[in-house]
Every structure is written in structure tokens, then in C-alpha cells.
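Please dock the two separately framed chains into a single complex, following the hints provided.
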Amino acid sequence: MINKLDKVITLDDSSKYMVIDQGYYDHVSYLYVSKLDQDGNLTDTLSIFEEKENTLTTVKDNELLKKLADYFKKRAEKEV
Amino acid sequence: MEEKNGRIVEIVESTEVQKQQKNSKRNLRIMIASLILAGSVGYGAMNLSQGDSKEGQPVVNVNTDYHISSDLNGIEISNISTAQDSIEETKSNPALYAVVTAKDGETADISYILTADDSNVKLEDDQQLVLVENYTEDELNSSFLYQKEQRQVSTDEQGTLTQAGEWQTTDDYIIRNDAPRNSVATRYVFKGTLSTVLENSPVVELPHVMLDNSELNVTTQDTLTDEQKVTLSQQAQNTIKSIYDDKFNSLQDYQESVQSNQPSFPSIQTTTSDERQQFLDKINQKITEMNQMLDNTNEQSVSEGKTR
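Protein sequence lines, in the order shown, are assigned to chains L and F. The working numbering numbers the first residue of the first sequence as 535 and each following residue consecutively. The working numbering numbers the first residue of the second sequence as 559 and each following residue consecutively.
Treat the hints as calculated values from the structure; they're not laboratory data. Just so you know, these numbers come straight off a predicted model, no measurement behind them. Treat the hints loosely; a few may be bogus.
[What the hints assert, rightly or not] Once the Cα atoms are required to be at most 25 Å apart in a straight line, the calculated DSS-like pairs of lysine-lysine come out as:
hint, chain 1, residue 1, chain 2, residue 2
1, F, Lys-577, L, Lys-541
2, L, Lys-612, F, Lys-577
3, L, Lys-541, F, Lys-580
4, F, Lys-706, L, Lys-612
5, L, Lys-550, F, Lys-580
6, F, Lys-580, L, Lys-608
7, F, Lys-706, L, Lys-538
8, F, Lys-706, L, Lys-550
9, L, Lys-612, F, Lys-583
10, L, Lys-594, F, Lys-577
11, L, Lys-538, F, Lys-583
12, F, Lys-580, L, Lys-569
13, L, Lys-594, F, Lys-583
14, L, Lys-608, F, Lys-583
15, F, Lys-706, L, Lys-569
16, F, Lys-583, L, Lys-600
17, L, Lys-608, F, Lys-577
18, L, Lys-594, L, Lys-569
19, F, Lys-580, L, Lys-600
20, L, Lys-541, F, Lys-583
21, L, Lys-600, F, Lys-706
22, F, Lys-577, L, Lys-538
[Unchecked claim] Pulled a few chain F residues facing chain L out of the computed Cβ check, cut under 7 Å:
hint, residue
23, Gln-705
24, Lys-706
25, Arg-709
Beta carbons are placed, not taken as given, at the ideal position from N, Cα and C, and that holds for glycine.
Same shape as in the complex, but just chain F (with noise of 0.2 Å):
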């Protein structure tokens, strides 16, 4: 992965030359956006190869400076062949897909790049279907986009699942044409077609920031950053903790020097086991009000900062 660090030395006028060289990158500068918009590349430099295709079709072969690559990272052979099978097949159809395999949160492999026709290729689970350019309004309306959640579990030792916590949405979305495989931590929600997606552009929901060449005063701070939600609910998770720590210790306490008094009165054992509950009921209740508060100073803090 190419990593920059360097100083400027020189800058000049590029030649006329070169502004023509640019105009004939467009494309690929639209195709290298929407892959890093996808999540498909991390930083750095990103090229994508269009060579000599043979009889006007798209070309496979995929270089950039990620190591995107000849290994095919996990991908059974079958897959690939089915995919170049199609793509000698598929002429006339323009749309690009590429196949892109997480390797982790900041970079991605493009195995091969795949016609529309291809689509329905066989994904492993690590993999995703990304539109790349092009792409028409029926295979916008056959590309499903789905969001991620994930929630904290456990289990027992057979692996059952004993608790859960609340699913929490995550930044990571898939496009696929078929379900993608849910389990006990992580699920996937649909959001809707691409053609819907993209009309509504929810994929990427950012605060309108850009100006041409002129400096910007809206800040980051319009919504809460993961990490402010994330401290905003450990507060919230350690106040409610205290809060429960305190009062049980406290009951603990009655049930103790209830039984140490009268320990042949077996009624007052079930009447504090009924307070108990009663109070782990009134501490439950507490903590989804605490969740609801703070679920509500986030939409209130997003509100916010769209209408500045």
C-alpha cells in the first residue's frame, strides 16, 4: 500500500497536453470515488487498468497500488470461471461489478471485475458486489443494499445463546442480490434497491461541507463522532451500574439481617425475593429510559447540526 509523505518542491502550469489527459480520466475518477464511496478501497493511490479488451469488452484485469491481485484470496476456482465464461458472453451490456474482498477495516481486494450479467456470481461471505460504473436501471432495481448490526452476545459452553445486548448499527453496508447470512452477533437489515439508495443517497449521509475552492464553517461536531456515542454510553451504562451496585448491596443487606433475625420465617424470604424483583424490574425499566435519553440527545444533536 503506498503511503505519501512528501514535500512539495515545485509546483507549475501543466501543459495543455495533460488538461486534455485529464478530461479523458473522468470516468476514472467517477469509478475510483465510488469505489472508495463503497468502502472497497482504503487510503492511499488507486488505479484501476482498462487495457486493450477484446471486442469492446470490459477487461479483467484489475491493478492498483493495494496489491490487488493475483492471489485470489479464498476464491473458489469455479467462481472465477463462471465469471470470465460470462463476461466473453456479455457484449453489449456496459456494467461494470467488482468483487471486492475485505481484508480489513481500511483496505479491500478487487478480485475481477464482472458484468451485470454476472452479478448473481457466488459471493463467499468476506465478499461484496460493487457497482461500478454504468450500471442500468434494472440492475439498479436488482442490487440490494443491506446495513450491518452487530450485538454483544454470550454463551454458554455448548454455545447457546444465554444474553444479548441490543443490535447496533454499524457504517459497514453489502450490496448483494440474494440474503446475506445473519447470526447470533451480526445481522443484516435491507435498506432497499440501489435505485432507491441512490436517489436518497442514505449510504453515505454526510453534512454538506464542500464549497468550490472557499473555506467551510461547519464542523465535524454537527453530529456526535462514534467515539462521543460511545463515551456517552458508558457514562450512561456506568452511572446506571453504580446506581444498581448501591441499591443491591442495600437489599443484600436487608436480606441479610432479615434472615440472621428471623431465619425460620420462610414468607419473608419470598416477600424480599418479591422486592427484589420488583426492584430489578424498576432497574430494567431505568435503563431503557437512560437508553431513550440518550437515543434522543443523538437524533436531537444530528437535528441540530442539519438545520445550522
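With the rest of the complex left out, here is chain L (with noise of 0.2 Å):
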């Protein structure tokens, strides 16, 4: 497993993204990322995708959605 916090990743439609935070469940990483705008800045839109040979995709399943929630807002809430 790679550590990706902090990095910026590109999609192959262009999109960018910075992972603000990052988690394993169950040998899968998942990213806490904002989507960039064309200038390179953080937006307010945040997604949690799953990150899987080398794609990035949306995390659908509900219950494991607010596990990694409240992963990553105890981290967040962590941070001075």
C-alpha cells in the first residue's frame, strides 16, 4: 500500500484531486480527496473513493461509507 496523503492524482478524464487524508479497511485504501479546479485549488467538493488497481472509484456501500467517515473525521478533529 502506497502512501498517497498529500499527493495530487490525475484521472485519465482530466480530473484532478488532492488526498487529504487516507485509510486501509480490509486490505483497501481509501482516499479522502477535494476536487481541484483548473488553477491547481482545493474546491469544497470532497469525495471518498476507493482506490483499487490503480483506479479511483466511488464508495457506494452505506454502512462502509460512514465507517471511513468517522475514520477520517476523528483525524481530522485530531489536527490543530
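If you want it as C-alpha cells, here you go:
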């Protein structure tokens, strides 16, 4: 598993995301990302993506989504 | 609703500016994660715009990729104006609430955001008030969490309840300042004030499986899934039904043989009726025992998961 914290990821549709947090669950990497605008600035569009086999996909499992949200929320709350 | 499925073509280090921007989004990250936890938004991308506000007031406009929304989904105009008027008057309290209208199991529309003083705004049945950020102690103590429970019911032609199953808890919670409306098939069980809930964190009861940048050994099998519970319950019901059918058929055969042989003795009818009642009582007792066993199985399984 590669640490992608603070990395900027470009997808094949040219959309760009900055990884603001990352967690692993059941051997799978999940990224909390902010979409970048055309100038490379972070936007208020946040997403939680599953990273698998060099692709990013939307997390659709609601229970899993809540677990991840809980995890990312606690991590953000700890930041000063 | 945005649904992403894209191949990674490049990964580069972020700039210092982007890292600073990330730090400035900390509250937004917490807020959106809170909304997901509250079940107010489902999967996909989310954003919550906090544009320029007048005199430092919280901003009403909320936009997300979930079409949160210019259409107000049946919210009464009077509610909207009440909320906005109150926001105009509220300058010092930073607490924000979102009024959320459930759309389906996965998505919800956030209709508007209002301050704590508006938290007693009238809500429709399909709406809930979700605490967003910066809640005060008073607000935590005055907001109540209810868990939704459902049961199977049957009614006659007049709509009168004729049969009702056991209440089953759901994963749905709502936050209200007043008691939600119950029905014969749905009820809301008071779980406590938000302060109590947040203290004990029962809203999303999770095995703690997250570690920083490391793999996990805990699996989701530490607890029975809903699907497994349903399967077990169905198996138990089928077993009971099978036993019942067999015994009842035997009883019917017995009754028919008695009736055909001695049709003129009503006392025998009475006896078989008593036997049938006794038998039914036993079956009911058996069902209760099976349900108890199933409950114990679930509790034991959860308990085992927690102690691993």
C-alpha cells in the first residue's frame, strides 16, 4: 500500500484531486479527496474514493461509507 | 449525483499552497464527514459552500453534487421564511443545523441550513434536523436522538390492526426537538440527548478497525451482517413452520378420524379443540424460545467480535 497523503492525483478524464486523508480497511485503500479546479486550487467538493488496481471509484456501500467518514472525521478533529 | 470511476494516470506531490488550502478545509472535512455519519448524504462527492455572509452570519445557500437543491421538496414556504428570519436575528451563535429531506436509502436533500435558535423549526415527517458543527452544550442537551423501529402488521378492510409482528430495530436515526410521530408499523425509540449520544457514540457502533496507513486484521465477520440475521431468522421461521405444518396436519388427521368414527359425540370435539389449543400454545412457546436463541446467537457473535 502506497502512502498517497498530500499527493495530487490525475485521472484519465483529466480531473485532479488532492488526497487530504487516507485510510485502509480490509486491505483496501480509501482516499478522502478534494477536487481541484482548473488553476490547481482545492475546491469544496470532497469525495471518499476507493483505490483499487490503479483506479478510483465511488464508495457505494453506505455502512462502509459511514465507517470511513467516522475515521476521517476523527482524524481531522485531531489536527490542530 | 456524481459517480466516479477513473483510472489514475499521474500522481505528483502537492504544492505548499495546496497544503495550506488543505489545512483551511479542516472544518469542511469534519462537517461533511458528520453529514455522512448522520446519514444525510450518501456516496459520491459533496461540497458545502460557505460564501460571503452578511455581518458574519451563517450562510443559507448549500450546494452539493447531490442536487441539494433549489427545489424545496415540499417544504412549506412558511418554514423557509421562519428559518431565514431567525438567521437574520442570530449573530453570535455559530451552531449550524441542516434540515435534511430524505429522498431514498442513499441520498438526501439538504434544504437549508439554520442556526441553533431555529432548531425548533417545524419539520415534515420526512425531514430531520442534523447538527452540523460548533454545537454548544445547551444545544446538545436539547436535541434528542430517536431510533426507528418497524414491524410487520396486517389490517382488515377497515384498516384496523389485526396482527402485528415483533418490533425490529433499524439503522435509521433521527434528531428532533420533539417526539416524532409513531404509526402502527413504525415507532421511534428515544435514545437520549445528543450530548449523551455523542459521549457514548452509539449512533454508529463500529469495531475500531482503522489504523494509520497500515493494514487491518479485523474483518466485518466479527458481527453478524443484516443479511445473515435475516437468513438466520428465515431459517428459524421455516423450521418452526415446518414443525407446525407437520404437527397440525397430524392433528387434523386425528380430528377427522375421530369425527368420522364418532360424529355424534360433541365432547370429543371439545377435547380435540383443547388439544389443538394446547398444541398451539406449545408451538408459540417454541417460537419464543427460537427467537430467544436467535437473539442470543446475535449477542454472542457481537460480543465475540468485540473481544477479538
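Next item on the list: Enumerate the violated hints, using their earlier numbering and listing them in ascending order.
Entry: Numbers 4, 7, 8, 10, 15, 23, 24, 25 - these are the hints that the structure violates, sorted from lowest upward.
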